[in-house]
Amino acid sequence: MSARKIGEVILKVEEISLAFGGVQALSNISFDVREHEVRAIIGPNGAGKSSMLNVINGVYHPQKGSVTFKGEKRAQMDPHKVASQGVARTFQNIALFKGMSVLDNLMTGRTLMMKSNLFQQAFYWGAVQREEIKHRERVEEIIDFLEIQSIRKTPVGRLPYGLQKRVELGRALAAEPTLLLLDEPMAGMNVEEKQDMCRFVLDVNEEFGTTIVLIEHDMGVVMDISDRVVVLDYGKKIGDGSPDDVRNNQAVIDAYLGVAH
Amino acid sequence: MVALASSMNSTFPRMLLQHSRTRPNAPAMREKNLGIWQTFTWVDTLERVRALAGGLAALGFKRGDNLAIIGENRPQLYWAMMAAQALGGVPVPFYQDGIASEMKIVLEEAGIQFAVVEDQEQVDKLLEILTDLPAIKHVAFDDPRGLRHYQQPQLVNLDSLCDLGREYAKSHPDFFEKSVEQGRADDVAVMLYTSGTTGAPKGVCQTHAALIATAEVLREFDNLNADDNVLCYLPMAWVGDFLYSFALTHVAGFCLNCPESPETVLTDMKEIGPSFYFAPPRVYENILTQVMIRIEDASTIKRKLFHYFMGVAKRVGMKILDAKSTGVNNVSLWDRMLYKLGEILIYGPLKNVLGMSRVRVAYTGGEAIGPDLFDFYRSLGINLKQLYGMTETCVTVAMQRSGEVKLDTVGKPMPGVTVKIAASGEVLVLSPGMMKEYYKKPADTAEVIDENGYFRTGDAGFFDPDGHLKIIDRAKDVGRLKDGTLFAPKYLENKLKFFPHVKEAVAFGDKSDNATAMINIDMAAVGDWAERRNLGYAGYADLAAKTDVYELIRDCVAKVNFDLASDPNLCGSQIKRFVILHKELDADDGELTRTRKVRRRVIGEKYAKIIDALYSLDESVLIEAQMKFEDGRVGIVKATLKIEDVKTFTPAEAASSAKKAA
Chain U
1073 MSARKIGEVI
1083 LKVEEISLAF
1093 GGVQALSNIS
1103 FDVREHEVRA
1113 IIGPNGAGKS
1123 SMLNVINGVY
1133 HPQKGSVTFK
1143 GEKRAQMDPH
1153 KVASQGVART
1163 FQNIALFKGM
1173 SVLDNLMTGR
1183 TLMMKSNLFQ
1193 QAFYWGAVQR
1203 EEIKHRERVE
1213 EIIDFLEIQS
1223 IRKTPVGRLP
1233 YGLQKRVELG
1243 RALAAEPTLL
1253 LLDEPMAGMN
1263 VEEKQDMCRF
1273 VLDVNEEFGT
1283 TIVLIEHDMG
1293 VVMDISDRVV
1303 VLDYGKKIGD
1313 GSPDDVRNNQ
1323 AVIDAYLGVA
1333 H
Chain R
872 MVALASSMNS
882 TFPRMLLQHS
892 RTRPNAPAMR
902 EKNLGIWQTF
912 TWVDTLERVR
922 ALAGGLAALG
932 FKRGDNLAII
942 GENRPQLYWA
952 MMAAQALGGV
962 PVPFYQDGIA
972 SEMKIVLEEA
982 GIQFAVVEDQ
992 EQVDKLLEIL
1002 TDLPAIKHVA
1012 FDDPRGLRHY
1022 QQPQLVNLDS
1032 LCDLGREYAK
1042 SHPDFFEKSV
1052 EQGRADDVAV
1062 MLYTSGTTGA
1072 PKGVCQTHAA
1082 LIATAEVLRE
1092 FDNLNADDNV
1102 LCYLPMAWVG
1112 DFLYSFALTH
1122 VAGFCLNCPE
1132 SPETVLTDMK
1142 EIGPSFYFAP
1152 PRVYENILTQ
1162 VMIRIEDAST
1172 IKRKLFHYFM
1182 GVAKRVGMKI
1192 LDAKSTGVNN
1202 VSLWDRMLYK
1212 LGEILIYGPL
1222 KNVLGMSRVR
1232 VAYTGGEAIG
1242 PDLFDFYRSL
1252 GINLKQLYGM
1262 TETCVTVAMQ
1272 RSGEVKLDTV
1282 GKPMPGVTVK
1292 IAASGEVLVL
1302 SPGMMKEYYK
1312 KPADTAEVID
1322 ENGYFRTGDA
1332 GFFDPDGHLK
1342 IIDRAKDVGR
1352 LKDGTLFAPK
1362 YLENKLKFFP
1372 HVKEAVAFGD
1382 KSDNATAMIN
1392 IDMAAVGDWA
1402 ERRNLGYAGY
1412 ADLAAKTDVY
1422 ELIRDCVAKV
1432 NFDLASDPNL
1442 CGSQIKRFVI
1452 LHKELDADDG
1462 ELTRTRKVRR
1472 RVIGEKYAKI
1482 IDALYSLDES
1492 VLIEAQMKFE
1502 DGRVGIVKAT
1512 LKIEDVKTFT
1522 PAEAASSAKK
1532 AA
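Chains as they are written, first to last, in my numbering: chain U, 1073 to 1333; chain R, 872 to 1533.
Hints should not be assumed to be uniformly reliable.
Unchecked claim - Here are the simulated EDC-like pairs of lysine to aspartate or glutamate, each with C-alpha atoms no more than 16 Å apart in a straight line:
(1) Lys903(R) with Asp1104(U)
(2) Lys903(R) with Asp1216(U)
(3) Lys1499(R) with Asp1460(R)
(4) Lys1225(U) with Asp1460(R)
(5) Lys1141(R) with Glu902(R)
(6) Lys903(R) with Glu1209(U)
Treat the hints as calculated values from the structure; they're not laboratory data.
When you get a sec, could you build the whole thing from the sequences and use the hints?
Following this line, the structure appears as structure tokens:
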């Protein structure tokens, strides 16, 4: 349907191994993500999907292997640096400021782009004011994009779960990322909310050209919206390819449905 | 206040030109964009309409063509309407939530070649049916989001269309003015498809002259002027929006405000503070429910204050409101002071939250409004009034004058409108706002307009002693009792349904000795009532059969009878006997339509046994009914239903107790 142009490899993960004490969370995982594509990571519970995302944005430091982002190869990433290079993410359990309004939450997504210092901000004058107006405009565009105008000033804690997820996506978008990591964006949603979220993920990908890596449990969703899928099971990669390849992969079927012993 | 030159021979595009000449910098429209209200003056509006018209003309839009308009209330879509009119074409607005297959019928009949739509959602709908509609040549969209990769040659961005139009204007100077000059007042200004509750949708063609004449009357009726503000949030395809937003903006010159999105209407209303408001009863009902829910969550002091002052408002608020227009003051000084205090503490802040602080006149119409609902708004000092009309007559047939508001009438006929009651009880209307015709349906047109030019409304009604029109039911549903008394089932049912304990009611009585009713209790309301009385029940059927519940409902029916007794036309149709059904009437069982209207014929057949029992002397009836469960299985429910008699009143009794109460 869409004529998006999938480009060069933007992120490459090579032979990553990660262990927490005796638990081997990831062993020897390699895969790549190309520019402008929607890449899904799937797998049963405890397969290491969230750990993988945490390695990519530098929260976890793998014992072995390397991550190459935009041609720069490192053994470990640093969250702050990663964010300023254009990686944003959402979390499995929502991590918003519950007492703050939707608008303020989205504004926090712009923090890394604010140039003025604390002293200047305290006086809110001239350049600072212009800067804030610029950021606010961008945030309003995101509010418009995600169709959350009606809750602009509502404290996040009062919103239903599905909307909070949408706000979290908004905050990630406010950072204008080139790579967006979504950790189960549709978990716990009803069918209608899921459809909306799918639409937004695809629209983000299409309108902003953002590369998206997402973790998702709902196989229907994954198969519908992703270009390529990585399958993990017990920290090992058991499949990688287009949704159709993965669907017909025996190892994947076994991991999901179980095998007769 | 701007005095417009006599507009009898005017058209909407001429009025647009006039506004942009005489008051170029006055606001014509506002839209909230990225959280900020953007104002478009009359000059801005003209510039954009001119560009759009140029673009359409460049693509080949000609005089007499129809332009489909699909989307929410956006300035761009109103401009498209104006552009079509300026070119001598006819805008055809569609309900934005209509499905593609429904739109197809209308698109085909109206011979649509050009469409202006809001966004991807509407574009997708049109693309879905495009193969069946080869006539559609151009689809212009406003919001490009999600449409970047659409390759269809028909699609064009509204902005590029405007650019095209500006180019066109360079090579065709004065094309706009010339085209407007050619327009005549009796040209069709808009085609509004009626929703088609009866048969296929019909396109009602209204002329500039009819719409402008009606809008003029409305403007004078309520003193609307250029300082008023209106929030347009009702569907563009509905005659109410066209008349009250589009036509009145041109005629009265006030500013039209478009909400940011359908979900933000309440916030937008608070920010804009409209001075003129029009909504169907269900909108008022939703607002009231919201208020009540939030009040119950408020702290004890606030809740107590609210209830106390609402009591004061209920007692004296409406009298104070009426006194403003009639000058008759019969409220004691103490009560007036209490009401003032209430205004400061409760009514004022509440109206502010609802965005109704500045509402001078509010209207409702379309269906009957409940007394509690009506009184709530009026007692707060909001001048809520009722009107009666339909698409074919530009709505305004009858309206209530300020100070002459009654709950169950729709007011006196408007100036210039003649209302006649046919022998059958049907309301006939002769109005300057009469439609020209149904589009391409001369037979249907001939059927509804009689040889004297009267429009047959299909509604049954009569005039009350004060000369107010009272609409009671659809004419085809109205029957006669054996003694010749008028029997209007819907009227009785509505009266019953206004009680919170009654969810649904079906009245019988045509060609019978007296009227009877079948009643569905409201599970939530009656359940709550039962709980507070420590009355245990197992489920709907059990609750419905309780003696206490029968008593509760009997009181409701008796109150309806009491009301009916004071009306000479309807006194004879008091409800003699009633039964409470053991199951809720359900659309899944075919008893209701999907919009929850009662299907009389189906119910009449299915419950024939109950109806027979209602007209016998039996005190109970054994009934077996088929019922569809949620999982699709079909079961049989058996029950023995009690039938009870209700007290009826004579007119004298009603009058004497009314005197006692006073």
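Against the structure, the hints:
1. Lys903(R) with Asp1104(U): With a Cα-Cα distance of about 43 Å, the restraint between Lys903(R) and Asp1104(U) is violated, given a limit of 16 Å.
2. Lys903(R) with Asp1216(U): holds (11 Å)
3. Lys1499(R) with Asp1460(R): Within the cut-off at roughly 6 Å; holds.
4. Lys1225(U) with Asp1460(R): Roughly 44 Å separates the two Cα atoms, so the pair is violated.
5. Lys1141(R) with Glu902(R): holds (14 Å)
6. Lys903(R) with Glu1209(U): Given that 16 Å is the threshold and the Cα spacing comes to 13 Å, the pair holds.
Hints 1, 4, counting from the list given before, are not met by this structure.
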